[in-house]
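*Asks:* So the protein lines, in turn, are chains A and R.
Numbering-wise (our numbering), the first sequence opens with residue 1 and increments by one.
Numbering-wise (our numbering), the second sequence opens with residue 1 and increments by one.
Since the hints were made in silico from the structure, they are not lab data.
Check each hint, because a few of them may be wrong.
Listed below are the simulated DSBU-like cross-link pairs for lysine-lysine, each with C-alpha atoms no more than 35 Å apart in a straight line [as the list claims (entries may be wrong)]:
| id | chain 1 | residue 1 | chain 2 | residue 2 |
| --- | --- | --- | --- | --- |
| 1 | R | Lys-158 | A | Lys-67 |
| 2 | A | Lys-117 | R | Lys-14 |
| 3 | R | Lys-220 | A | Lys-117 |
| 4 | R | Lys-33 | A | Lys-174 |
| 5 | A | Lys-117 | A | Lys-67 |
| 6 | A | Lys-117 | A | Lys-102 |
| 7 | R | Lys-33 | R | Lys-14 |
| 8 | R | Lys-175 | R | Lys-220 |
| 9 | A | Lys-117 | R | Lys-33 |
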Amino acid sequence: MSASHTGMNSTPSMSPDLDARSLGLRSKMLQTMAAGNRGHLGSAFSLVEILRVLYDEVLRYDARDAKWPGRDRCILSKGHGCIALYVFLAEKGFFPESELNKFCLSDGILGGHPDHKVPGIEASTGSLGHGLPIGLGMAINSRYEGTDSRTFVIIGDGESNEGSIWEAALSAGKHRLSNLTVLVDYNKHQSYSSTLEVQDLEPLADKWEAFGFATAEVDGHDVEALSSVLHNLPINQEKPTAIICHTVKGKGIEFIENDMEWHHKSRISDEELESLYAALGAN
Amino acid sequence: MRQMCLDMVYELAKEDPRIFFIGSDLGANTLDKFKEEMPRRFLMEGISEANVVGVATGLALEGKIPYVNTIATFITRRCYEQVVLDASLHNVNVRLIGNGGGLVYAPLGPTHLAIEDLAIMRAIPNMTIVAPADADEMRRFMPQTVDHQGPIYIRLGKGYDPIVSDDNVPFEIGKAIPMRQGSDALILTTGITLKTGLEAAGMLEEQSISTGVLHVHTIKPLDVDAILEYCANIRAVVSVEEHTVIGGLGSAVAEIIAEAGFDPAKRFKRVGLPDVFPDQYGSQDSLMERYSITAIEVARVTKGLAEGRPDMAFSIEA
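The shape of chain A in the complex, shown without the other chains (with noise of 0.2 Å):
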């Protein structure tokens, strides 16, 4: 993968076969999701691999110590993803699993949106336009003082709307901020329907390139691919960086891919559940 814009069309790339890890991954994320029975499962599945590339092999951080001075900040702006994000910090330490197991309950810690009191989440998120202007502020800080943390946001495409992201952009850009990785998690959908239709972002890369970043395109599904990009940063070292990532809304579970059905859904019946696990190949 080339560490440059590389001119990839914006259709959905032929990822590999998710790999066991990758359908245990979201095996568990429909556990937690039955647990509140309600949730952003299309706009979860799509960031999977993004955030296992970051939790397995990229960020620094300490769970048991989930404040560390030393660690990377990330930041998930498009907060509705976050089951996916509450799988990985569960499954690393940062709060007991059990938890998963209480998503939207009034007895749990974990709700339908990213929130700061909970170990691990930078920011509180779910309005969307709000994580990278924070970690615009976080990078700076970092830079202020000298230290070699890092900073990493997750925006949506449909979040790609929002005035702030581009106000954030050109402050980015701005600031030389290197140490600032921004990744588009860019399944061509929102809520209503594809972007195309409802805002298109294309040329969605050229656009982040035009604001001063450094950019990469990359099958957001392809772990290695993904690995590479990320072992690699930043791109330029004058500039902050935005990788975008080509995602499949509701990725793994071929009813749900693309299906704005899925985007948020509630209410869902054994019966879904049961045809949702079978989908995974899981019990």
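Chain R: place on chain A using the hints.
*Replies:* Chain R only, in chain A's frame:
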């Protein structure tokens, strides 16, 4: 008042490396000394208030104390969601300095008039709101902003406002200041209306109506104890604010008085802007006159209430 506020940010920043200054697109030469001496803590991020408040929140989450400054309308309503969800939900030490609270920008028209800033900021959990009366009070107040926990909205007056506050009275966030004692009526003020209230009380004194003035510089958290204490033995209570009568000082005081259940009930009146967008240009003073936020009007209303004319509680605009 504005100059004092920014001067204090500079002085405080010299002593405390946690302090940053963030502007949007302020006037040329604003805080030049700060920029020159502490350039890495001086940010001018452009006309992007949502981003600016988010950046401030990110810095504050890392332990910094960012003072953010722009025109009051833009630092409140333009980026309201960032103020609510970024600064306030995270309960971080972001300081929002709003230039020209109220009618200061009268010549520039309704787009620049912060007539509801107190109301919308008051509705936000964790928010502290302070409207000093003049530059001297600003000087006493600002050092307390450094270690205060949570976001603060600082409402600035025009600048060169007459000094009416008392240098001998210590300033404490959340503690209303009794400026004058009275046994017949009480006037509550905030920001520059302290001057209006004191003048009105003086006029009333000449008419043998003993009138106290309680200066409520902190709109939130409101000094409920002081308000109840100073209202307790007084029948006529009038609030004065350079703000819509909806949701500001008067509303806050009315809520407290109503819930306290005084018997006999207080005779109460809010003096402030009616529920309209101001429809004239001119000056801050001329708009204050147009909407009867004047010492003469406050004295007239207070006198009416003190003399048992409850009809005075209904003004022409209500």
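*Asks:* If a hint holds in the structure, say so; if it doesn't, say that too.
*Replies:* We went through each hint and held it up to the structure:
1. R:Lys-158 - A:Lys-67: violated (42 Å)
2. A:Lys-117 - R:Lys-14: holds (32 Å)
3. R:Lys-220 - A:Lys-117: Cα-Cα ~24 Å, so holds.
4. R:Lys-33 - A:Lys-174: holds (22 Å)
5. A:Lys-117 - A:Lys-67: Holds - the C-alpha atoms of Lys-67 (chain A) and Lys-117 (chain A) are around 11 Å apart, at most 35 Å.
6. A:Lys-117 - A:Lys-102: OK: Lys-117 (chain A) and Lys-102 (chain A) at ~16 Å, within 35 Å.
7. R:Lys-33 - R:Lys-14: It holds: about 11 Å lies between the C-alpha atoms, which stays within 35 Å.
8. R:Lys-175 - R:Lys-220: holds (10 Å)
9. A:Lys-117 - R:Lys-33: violated (38 Å)
In this structure, the hints that do not hold are numbers 1, 9, in rising order.
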